[in-house]
Every structure is written in C-alpha cells, then in structure tokens.
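**Student:** One-letter residues, chain by chain:
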Amino acid sequence: MTSLLAAEEASAAIQAGGFFLENVWIIPAIMATSFACILFFGKRLPKGGSEIGIAAVLICFLLSLVTAGQWISEVNRADNCVVAQLSEDKYICAASADGAGEFASAVGSAGSAVAAENDVLVDAEGDEGPAKGAGLKPVISNRTWWSNGGINFTVGTMVDGLTVALLVVVSLVSTLVHIYSTDYVAGDRRFTHYFAFLSLFTAAMLFFVTAENILQMIVGWELVGVCSFALIGHWWEDQSNSDAALKAFLTNRVGDMGLLIGMIILFFASGETWSIVDINKLAIEHTTSHTLLLIASLCLLAAVMSKSGQFFLHTWLPDAMAGPTPVSALIHAATMVVAGIYLVARLYGVFFEGLSIAGSSLNALALIGGITTLVGASLAFVQDDIKKVLAYSTISQLGYMALALGVGAWTAAIFHLFTHAFFKALLFLGAGSVSHSVHSFNMKTHMGGMRKFMPTTYKTFLIGSIALAGLPPLAGFWSKDEILVGTGGWGFFEGKPHSNGAYTVMLVMGMLTAAMTAAYMTRVMYLTFFGEFRGGHHDDHDDHGHDDAHAHHGDPHESGPRILWPLRILAFLAVTVGFLNLPPGFLGLPKGITERFGHYVEPSSAAKYFPKINHADPSWSLAIFSTIVVSLGVAAAYFYYFVRVNRQNPAGTELVGGPTSRFGLLRAGHTMLKNNYYLDHIYDGGAPVGAAGATAVGALFGVAAGSALGFSLDNGLDQSFVPSLIWGIVLGGSVFAIVSTALRTGVGAATFVKRPLAWATNWTHENVLDAAVDQVGIRSVQAAEVVYTRIDQGVIDGTVNAAGSGSSGIGGELRRMTTGKVQQYATVMFAGAIVLAGLLIIVI
Amino acid sequence: MYLVQFLLLSSVLFCIGVYGVLVRRNAVLVLMSIELILNAVNINFVAFGAYNRELGAAIPGEVFALFIIAVAAAEVGVGLAMVLTIYRNRKSIDIHEVDLLKG
Amino acid sequence: MEAFLDDWGLTLVTFTPLIGALVMMAVPKENESFHKMVALGTTLVAAFLGALLLVNFDFDAAGELQYVVDKSWIDVINSRYIVGLDGISLPLLLLSLGVVPLCMIYSFGHFPEPHNPKTFLSLILVLETGMLGSFIAQDLILFFVFFEVVLLPMFFLIGVWGGDDRRYASLKFFLYTLFGSALMLISFLALFFLSDGTVATEAAPTVNTFDMRALSTGATSVIARGAQLWIFGGMFIGFGVKVPMFPFHTWLPDAHTQAPTVGSVILAAVLLKLGTYGFVRIAIPFLPEAAAAWAPVIGLLAVIGIIYGALGCLAQSDMKRLIAFSSVAHMGFVMLGISTLTDFGINAAVFGMVSHGLITGMLFFVAGSMKDRYHTLDMTRLGGLLVQAPKMGWILGFASMASLGLPGLAGFWGEFPAILAAYNPAEILSANVWRAYMIVAALGTVLAAGYLLWMLQKTAFGTPTEEFEHDPHINDVNRFEWISWSPLLILIVVFGFYPNLIFDLTDPAVIKSLQVEGLGGAAGDCLSLAKAAGEQCFADLRDAVGSAAGN
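Taken in sequence, the protein lines are chains A, B and C. Just so we're aligned, residue 1 is where the first sequence starts under this note's numbering, counting upward by one. Just so we're aligned, residue 1001 is where the second sequence starts under this note's numbering, counting upward by one. Just so we're aligned, residue 2001 is where the third sequence starts under this note's numbering, counting upward by one.
Just so you know, these hints were derived from the structure itself, not from any lab. No residue lacks a Cβ here, since even glycine has one placed at the ideal position from N, Cα and C. Some clues are possibly wrong.
[Claimed, not checked] Chain C is nowhere near these chain A residues, computed Cβ spacing over 12 Å in every case:
| # | residue |
| --- | --- |
| 1 | G17 |
| 2 | G18 |
| 3 | T182 |
| 4 | R451 |
| 5 | P455 |
| 6 | R562 |
| 7 | R568 |
| 8 | L582 |
| 9 | G585 |
| 10 | T627 |
| 11 | Y638 |
| 12 | N646 |
| 13 | R816 |
| 14 | G838 |
| 15 | V843 |
[What the hints assert, rightly or not] DSBU-like, lysine-lysine: derived pairs with alpha carbons at most 35 Å apart:
| # | chain 1 | residue 1 | chain 2 | residue 2 |
| --- | --- | --- | --- | --- |
| 16 | A | K821 | B | K1091 |
| 17 | A | K591 | A | K608 |
| 18 | A | K281 | C | K2531 |
| 19 | A | K43 | C | K2371 |
| 20 | A | K43 | C | K2391 |
| 21 | C | K2391 | A | K47 |
| 22 | A | K821 | B | K1102 |
Start from the sequences, fold in the hints, and give me the full structure.
**Tutor:** Here is the structure:
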C-alpha cells in the first residue's frame, strides 16, 4: 500500500522543455486579443462579437490540451530517464532507462557529451546501479519587464503540472460557458460587452496561472477581480446589482491589502526576488526567516480568504450571484474563486514552512478551511434561491480545498479543485437552465416538478449533485476521499498513515460536511425537480419576482441545444474525471493507471521548489465509512422531503409542524443559519456585536500585518510582539472603518434582494455579515464627515481663513482714516512735521 | 545782520499760509496759501544765504529759492488747471466736497 | 540642427508659448478663430520642439544634464541663466507639453464663461511658459521666477472663468502658494549665503551661488546641521503647499472645484508636480542630511494624507471635489516614495507624478464634460451616465480603475512601487517606521477602491434621475473630447504595460541626485549607513569640506 511516486524517489530533477511549454504566453495573449477585438469591432459583427470569443477560447482550449500533452510526455521522459550530473545543480537525461539508449532530444548534444565523458552517473541507493527516473523542473521563460533602482522586474511564464491542470480547467469551462452564454444572454442589452469581459476574464485567469513571478500573480489577481466586478454588475441599472459588485470588489480589496504586504515581505525576505521558484526554494531550504514566512503566509491568507470566499470574508460570494448565471458558473464556482487556492498551491513552500504544516495537528489554513467548509454547508441548507445554495456549496467546497492544503494533502486539494470545477460548473449551468425556463431562482415559489419539463437538465443536474455529494464512483467521491485520507486523522483507527500530521479535527469537520453536503443537495433536488410545479399560480398576482421582459409564462420547457450540450459534456466529465487519480494499489491496478493526476501535476521535490510532502496511505475503511456517512445524509433528507413532505403535500416545501417549528433549539439554529451566522450584521454594524466582530476581524488582520513591522531578518517574533499588538489594534480600527465603509454600499444590495422575498425572517440572513459591515461603513463615513467639517474645514482651513480675515479686518479699521479730505491729510502732515521738528530740537 | 527779522517775517508768512491751507474751503485760496508757504521758505533761503556769505561760508541758498520759484510756478499752473477741471465737473471749487480718495 | 537644439532648444521650447501670447495681444479680441489658431499652433510648435528634444536626448546619459545653456543673467547676485534637461525633468516637461495642447483643443468645444478666448488662451500660454521653465531651470532664482510666473495666470483662470465661489478660491490659491513661496525664497537666500559654490564637484565660479548644479553636488555640505534643518523646513513648507501635503492641502479642493475644467486639468496634471519636483530636484539633493532628518515627518504626513484624502473623498457629494481630494491621497503616495530617500522610491514618485497627471487629468476632463451636460456635479442628483452617454461612462470607469491602481494601467506603477519602497527605506532611516507607513499606505489602496467605485456607482450606474431623464443636452463624447482624451487614455495603457518607458529615464538621474557628494568628487554614501553612523558621516564630510574651503 505504499504510494511513492517515481518523482519522489528521484533525487535529481531535469529540465523540461517543449515549444508550447516555453511559449505558453500565446494562450493568454489570444484571449487578450480577443477582448480587444470584441470591444472595438464586436458590435459590427453579425453575432455581436460572440463568434470571436468562442473561436479564441476554443483555440485556447486546444492549445492547453497540447501543452498538457507535452508536459505529460516530458514527465514520462523523466520517468524513464537515467540521470547524469552536469554540475552541482544541473542534471540531464543521459539515457532512457528502458534500455533503448536514446539520448533525450531536449538535451543539447554538448551536454550529453560532457555527461558521457565524465561518466558521473548518479547512484540511486548505491546497489541498484544508475538512478532511474528523475524529477522535472518547471519550464520558465522570462524577460525583463522593467527595472528600477537595482530591482529587476521580469515577466514570463512558468509551466509545470499545476499550471497545465489549471490551463485545461479554465479554458475548458470557459469554452462551455461561452457556448452556453450565446443562448442564455441572447438579446441582452450589452451582449457584446458581456463577451468582451468573458474574454478579458479568461485572459486574466490564464495570465494568473501561468505567472512566473509573484508580481505577475498580483497583476492577474487584480485583473480577475475587476472582471468579476464588471460581470457581477453586468445589469448595473439595478442598484442591488451594482451594490453586489461593489461589495465583491471591496471585500476583495481588503484581502488584496494582505496580498500586497505579504508579497512585499516575501520579496524582501527572499533576498529581493520575485520568482516563484526561488521564493519556494529559499523557503524550503530554511534560508528565509521562519518568522517572516509566518507573517507573509498570514498576510497572504487574508487575500486567500477574500478571493476564495473563506470564512469570514465569504459574504460577497452569495451576493455575487447577482451576475448572469454563466458568469457565476465560470467565475464564482469554477475558476476565479480558486485563485486563492491556486495561490497557496503555487507558493506551497512558503505556506508549508510558514505555517509548519508538517507534523502538527492544527494550523491557521486548515482551521479556516475547516470552519469555512462547515459554515458553507450549514448555510446552504436554508437557502431558497437555488443559486445561493450553490454559492454556499462553493464556499464549502473551497473550504475543503483550503483544508486539504492546510493538512498537507496538496494533490488532493488540486484534484478536488479539478473535479469540483466540472461538477460545480455543471450545477450552476443546470440551475441557469432551470431559471431560464421559469424566470426565477427561487426554488420554493417558482420550481418543483421540473423533472417532467426538463428531462435532460434534470439528469445532468442529478449527476452533478451526486458528484458533489461524493458518492462513488463519481468524481467528487475520489477527490473528497483523498482529502479525508490526507488529514491523517484516520490513522487513529488504522495503523500509521504516511500523512503530514494528525489533523483529526479536520477529519471530523470534513466528514460532517460530507454528510451535510449530501443532505442539502438532496433537498435541492427535491425542491427543484420533484413534487409539483409551484410556479404557475404565481402568475396571477406575483409578477414582480423577476425583471425579465418576458410577458409570457407558459409551462416551463426544456432549454435549447446550446445550453444542453455544455451540460451533457460537463456531466460526462463529472462522472469520469475522478478516475484520473485512483488511489495507488486500487483493486490491484498497475502503477501506470492509478494516481495519474497526482503523478503529472504534483511537482517533484527534487526540483527543489516544492516541499517534501508525505502522501497518506489510502484506506478502504475510511472510504467505506465516508460513503456510509454520505448515504446517511442523503437518506435523512430523502426521508424528510421525498417521503414525508411529498406524502403530506406534493406541492409543499416544508413539513407542516416539522422539527424546526416544534423544537426551540432547532428553531433558534435555523434562524441563525438564515441570518448567515449574523456575519452580515457584523459588517453592517447593525448590532453591537457587529462592531465588536468587525474590530476583531480588523485586529486579526492587523496583528498579521502589524507584526511585519517589528521584525527584521534576525529578530524573532517575541521582540516584535508588543509593537505588533499595538499596530494590530490601530490597524484593526482602520480596517473596521474600511470594511464598514465598503459594506455600507453593499448593504443596500443585500436588503434589496432579500426583502421582496416572502420570508419574514430573511432580513436577518443578510444581516450578519452585511449588516455589520454596513454599520461600520456608516459610522466611518460619519467619522469622515466629522473630520471633514470640524477638522479640515474648521481647524485647518479655519486657520488659513482666519489669517486672511484678520488682516482684512485690520485693513478695514485703517480704511476709516482715509476720508479723502485733503485738508485733514494736510493737518496730519503738519502735525507730523511739528512733532518731527520738536524731536529734532530735543535731539540736537 | 537782520537775520532775525527776516526769519520772523517768514514765520508769519508760513503760519498764514498753513492757516489758509488747513482752513479755507476755496481751492484757489488754498493754492494761494501754498504760495505763501513756499515764499516763506524762499525768504528763509535768501536770508540764510546772505547771512552765511557774510560769515564766509559759500552756501548759495538763493539757488534753491530760484528752484522753488520755478516749481511753484508749475505747481500753480497744474493746480489751477485741476481746479478748473473740478469746477467744470462739479460747478464748485469747495475742496470739502472733493473726497474722491476716500477709502 | 543638433547644435542648434543643444544651444537653443530648451530656451525656444520654453518661450515659444510666450511669443504666441505676445502675438495674440497685438490682435483685437473679436478675431476669435485667429486667437484659437495661434494658441493651438504655438503649443503644437512647442510640443514638436519637445519631441525633437526627446528624439535627440541621449538616453544613455539620462543622469546627466543635457542641452545645457549657461549665460550670464544677473551678475550682481551671481544668478545666471542656466537651463538643462535630465531624466527627471524630461518626463515632466513632456507631460506639460502634451497636456496643454489637449486642454486647448478641449476648450474649443467647451468654452467657459465669460467667453473671451483671447485672454483665456494667452493666459494658458503664459502658464505653459512658467511650467516648462520650472522644469528646466538650473538656477534657483530662475526657478523661482518661473515657479511664480505660474501663479498669476492660474489665479486669473480660476478667478475669472471659475465657478460660483471663484473669487474666494482664486485668492486662497494665490495667497496660500505665495506664502509657501516666501518661505521657499528665504531658504534659497539662506542657501546662497551659507553654501560655498567653489567646493562643489560641479563647482561654481563664486562662493555664493544660485547654481543648482553646484548646490546639489556638495556646495551645501559646509552648512551646519542646524541651519540645514531650518533651510529644509522652509523648502518643505514651500513645496509642501504646492504638492499639496496634509495639512497644507486646503487650497486644493476649493481651487479644483471652482476652476474651469481646463484649469483643473492643468492644475492636477502639472502644477501639483512642481511641488514634488521641487523635493526631488532641489530639497533632497541639496540637503541630503536634512532630508534624512525630515524624512519621518514627510512620510508621516504622506500617509496621513493618503488616509485623510480618502476619507475626505468619502464625505463629498460633489464629484469634482471628490476627485480633488483623491489628488491629496495620490500625492501622498508620491510623497511616501520620496520620503524613503531611495532611488527606487523616488523613481516610483516620479512615475506617480506622471501617472497621476494623466489619470487625474482625465478624471477632471470627464467631470468637466459632465458638468457641461448636467450643469451640476452633485452626485445625489446624477446617475445613469452609462445609459445616457455610454462611451463617456466607460471612459469614466476606465479612468477610475486606473486611478484606484489597477495593474496593467499607469496608476499601479505609481502606487505599488511606492509601497514596496517603503518596506526598505534608506539605511539611515528607521525601517520599522516606514513599514508602519507601508501598511497604512496599503490601507489607502483599499479606501481608494472604495471612494472611486462609490463615485462610479453614483454617477455612472443605475438609471438617470427624473430630472435629467429626457434632457436633450446629455449627449455622448463629442469630437473635441475624443481628440483631447484619446492621447491620455492611450498613454495610461501604454505606461501601464511598459512602465520602463519612464523608469529607464528617471533611474540614472535619481541615482545621481541621491549621491552625497564628498570632497573633490568623492562620493559619500552617508544615506546608506545606519542612523548614527550616517550622521557622523555627514559631520565628517562637513569638517573635511570646511577645512578644505578654509585653505
């Protein structure tokens, strides 16, 4: 049951190469060009520019596949490689190990000659002859972008397995979303702009994942944020939409502060280099001070929390559902929100060392991930809006990924990212398909029984739900199972696993989430596709539920092919991609079939920019146990909805006199969930607790950022603790002010969405994060006004004005003396002359 | 020498002139009073000039007197012109009514 | 040709606008099209000459003054007519040369009341001469003259063509900056009397000199530390008012709000840079020792300005006033970069000046055009610009994004490097203090997003208010606006993609300006020593130079 990979055995790494690996910049460049073309010429084209976008993204997808193919062949080459050492840190593939004796084509003949001449073949274990198999160094190509003050800023690309995986995911989902959108937003007021921004977003994301250095990552990170802003606010005529866009952007900006500071610290801590590889390498070699790494990773964690919707900065993500559904699928489920996860994965050396992931049982990243996954799953339970269920589900799954990274299960996290992108995009697009038909996202008022009207959507959505719930053998099962194994918590029951630590708490959290996920997806399935259609009777008196111009509300109908085909493709992937990474030794399958994803994607520690992480042993008992847990979740929800609710009233949505109405504790819990744990209240500042919460949030940021102050390379954390605390408090207050300001605008959106909905309790839902943030915002603007009127206009400007009016007052007094009467002047003059004469006499 | 007598005369003339400048309302009379003041000064210059020459010091005060006469002529010319203009515009030469410089 | 440029290029470029203004004075004001033609033609000629200078500029020697002219001027006070151009001046000179013609073209489409193009345009021409002269002058008195020449035309532009409260605003602008200049002049005189021009690396012929080349290469090292601190303080206030730094900023919102659009644009794009340019060109190279002592104050006021300006923005309801306050915040980033006393930070500052000029100028253009259409900039009454004038709305959104520091656009490269530089200030300064500043500045970027997006939401998003819903005057970007805006928009993108265009130029010049000149050309590195050692280094230098001068 050992899972050692070839790359792990290798003590040496060779350089990968290949045209597309070296020239991967072409891919984002195509999308950027497409953006410019659509923006300038799109309106004149027959299909409003969508044809350019689709063509470009298709080409990108194909190129991504080619790039992936090249990478895979390079990994294979390295596997079959007999390594020769050229110099201290330079190895080449002297011969392939299968005996064919071919010299690797990518290696220059001169290099081979040197190797042959010196005959310095590396011994593996001493007795097995030449080493077989090598790690692979990432392909880096860069050039100077600009330089200044002795600091060189490069721009370039870095390709390794992780990059390739993301390239494929982003371009594939983007392609499908492009196609889907041609139907979904057909006839929209800003059809062309929509496609332009889809292109720009894809370009930015591709730029981000191919970034060679952290500065480029910042650039890409911000650019995807802006695209998200533009697309959430696509229908900006409604204040609520632009509020949601603002909230998303500003919440992200709060995290960006951490990003900027964290990256700057990394830059200086690593001896002034931007290169991702170098930064990771120095971190792994313990050259970089551990204190600095800790601070930097905490700062970066703030950015991850905002971008990847981790608890307590996740509240923008549900609001972001104000954007068009395909955008939600692309940006807020499949790609952009995983930018944070990607950031951690990319700079894993920093996080692994900074947070001391190996050998511990708790760290900030894992804890935040664990809390997020639980919070997201519990909140998904009480949503009536199908997109919001999926949004909270996304938060929960992102929490899973963060948790996995936090416990050292790197491959599991990325694999989950990979599978999740497909089934979550599928679910979102499915939800879009339903809403396209019923013109609403509200499951309780406008859906039910959709299975009869939309069979294909139903089937694909069902597949997506099972995949998300994590039932074997669909994709979600495999990736989720790997994460649970990776926590190492199961080791308590089954010998010693090879995990990185004993994260038992994380295992429990993950397991609970698995059950909850299964249950809420069952609920969504029932409310949307089973029971009886509840939309029809609303037509008589409830026309304000949506702002579409469709006057006709016939029976719901199945969507067109441009919507259904992406669903079918994604459903196929949701079923199959899980097999890409079967656990090693699964059913006695050979090594060449299992764990392919991990093998090709995970960087080799021999390449020295990726930490040595352990791979936990797969466990049959855990897999079975988790499947039982998931089944129990499904069963509970099935019993409640499909059996009891359905029997009582097929058109109903809740059990009359159900548990939440009978038991006070449950009711209280339900209300709390409806209120998003009162987080929005905190941000809106509506409740006193909100203010306290926001201050705490601010202080947390502050301590992380502030502790950056007191340190220098040699100083420990102790010396800087007091100043960091002070700065933490100061900054906490400021962040409080900022967050509140930011959210003040966001609150309006939140209340707009919720209040028209029939639920009396719903106002509280948005109130936790939103209300709290809003209050802070109002307060800070009040403070700003006081500062402005009192201090700026009063004291500072007042002083200036007083100087002016003072001198003008004196002038006014003096003015009275000039009467214009000549004889008065003359009198004064003579009087003066007499006085002068008198003086003269006295003096002389 | 009768220096004291000359000085007394000039003082009397000066005082009359000052009185006229400060008190009279008729602009022409004010101008004439100014003439008196200037001529008082002239007398002083000439008297001191003669007195000093007797003492042997060569300070020609008469030169200043000539200058002052010339300047006084110009001053009266300009002054009378202004008075005429004022009269033309206001039909009055009462200088109490002329306060264009009032701030 | 090159010889001609070497001798006369700078002078010609500077005084061409003045000649144009003189020509215009000779022609009666009724002949409007003539005036417009002459004014635009003159600025275009000047811009063309500027382009020639750029082409013939020796980029490999960007650190050295080029096109130097040194002629006797006022011998009584040893003040000479010295002009020259190096990597710091060049971008700012070109910025001025570029912005003015754009403003002219823009004004043809939106002439502010009271009409009178003759006076308006000739004032702008005089203003241009003042701005150009300030950037090329290499003699303190010459610099001062140009610096003051700028004031008067601006005073009239605001006072005559301004908004309702124009008298108050123009007077405040004039007096406040004059107050600063007075202190600055005193400092210049103190430099004149206390320094010793003959000991400088680029020695002046006399002991008392206004030659900036000599003063920045060691002539001031004989001045006692206490005196240096006072002199720097005077310049600090003089330039700080112009920047404007908190708490000397209060003239700015009034002046910006009341000024005609073109005036606001020139004010934001160029005039504010005179202050920061003064720091970079005069205050710091002349008195590095005093600069090191004052730097914490500058940095502190800079970060206060960043936060304060941003909060000020949030409290505004007038769009133009909001943009004006955002200038305070952005110039805070510039000053933060300067306060680090590192070449990286000052490079960032120079870039920040240029990008702020382009972006904020652009924002003022849009605000002015909106005012022309809506006759108000009260954000509670605006809304739906994207519906009524979609192109203008997009441009506003683009400029806002640039202003909040979106990577890929020019604003980011003014902001991010300044923050980066703050992590590692010059050795002589306390890194911890600047790291604190860094975090506060990073906070400022969040606030910047807050107020700019808020403005965008209030004005561009949503649907038009009833008041303006059917107003026929609200049309989209017109011809004049396109011509005058597109160069700015393009440059914002170009500099965003390839910041090296500016950094390449400024880097050598900044490095040179930060060199502490020792005796006989020996470079001291006092700024790169820890605090105590650095101060000792300056003292040693003073003793050495003093004894040498005594001989």
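**Student:** If a hint holds in the structure, say so; if it doesn't, say that too.
**Tutor:** Structure-based check of each hint:
1. Once the 12 Å rule is applied to beta carbons, A:G17 is consistent with being away from chain C; the minimum gap is 28 Å.
2. Look at A:G18: its CB is around 28 Å from the nearest CB on chain C, clear of 12 Å, so calling it non-interface holds up.
3. Listed as outside the interface, A:T182 is consistent with that label: its C-beta sits roughly 23 Å from the nearest C-beta of chain C, beyond the 12 Å cut-off.
4. Under the 12 Å C-beta cut-off, the non-interface status given to A:R451 relative to chain C holds; the minimum distance is some 39 Å.
5. Non-interface status of A:P455 relative to chain C is upheld: no Cβ of that chain comes within 12 Å, the nearest being about 40 Å off.
6. Remark: the non-interface label on A:R562 is consistent with the geometry, its nearest Cβ contact in chain C lying 28 Å away (cut-off 12 Å).
7. Distance check for A:R568 against chain C: the nearest CB is about 37 Å away, which clears 12 Å, and the non-interface claim stands.
8. At roughly 41 Å, the least C-beta separation between A:L582 and chain C is larger than 12 Å, which holds for a residue marked as non-interface.
9. In this structure A:G585 is separated from chain C by more than 12 Å, as the shortest Cβ-Cβ distance comes to about 46 Å.
10. Listed as outside the interface, A:T627 is consistent with that label: its C-beta sits roughly 45 Å from the nearest C-beta of chain C, beyond the 12 Å cut-off.
11. The Cβ of A:Y638 lies farther than 12 Å from every Cβ of chain C, with a closest approach of about 45 Å, so its non-interface assignment holds.
12. Distance to chain C confirms A:N646 as a non-interface residue, since its nearest Cβ pair spans about 44 Å, more than 12 Å.
13. With a cut of 12 Å on Cβ distances, A:R816 stays outside the contact zone with chain C, its closest approach being about 23 Å.
14. Residue placement check: A:G838 keeps its beta carbon more than 12 Å from all beta carbons of chain C (closest about 39 Å).
15. Every C-beta of chain C lies more than 12 Å from that of A:V843, the closest at about 35 Å, which supports listing it as non-interface.
16. For the suggested pair A:K821 and B:K1091, the alpha carbons sit about 18 Å apart, so the restraint of at most 35 Å is met.
17. With a C-alpha separation of about 25 Å, the suggested pair A:K591 and A:K608 falls inside the 35 Å cut-off, and the hint holds.
18. Restraint check: the Cα-Cα separation between A:K281 and C:K2531 comes to about 34 Å, which is no more than 35 Å; the hinted pair holds.
19. Between the alpha carbons of A:K43 and C:K2371 the distance comes to roughly 29 Å, so the proposed pair stays at or under 35 Å and holds.
20. Annotation: proposed proximity of A:K43 to C:K2391 holds, straight-line Cα distance about 14 Å (limit 35 Å).
21. Restraint check: the Cα-Cα separation between C:K2391 and A:K47 comes to about 21 Å, which is no more than 35 Å; the hinted pair holds.
22. Taken as a hint, the A:K821 and B:K1102 pair is honoured in the structure, with Cα atoms around 8 Å apart against an allowance of 35 Å.
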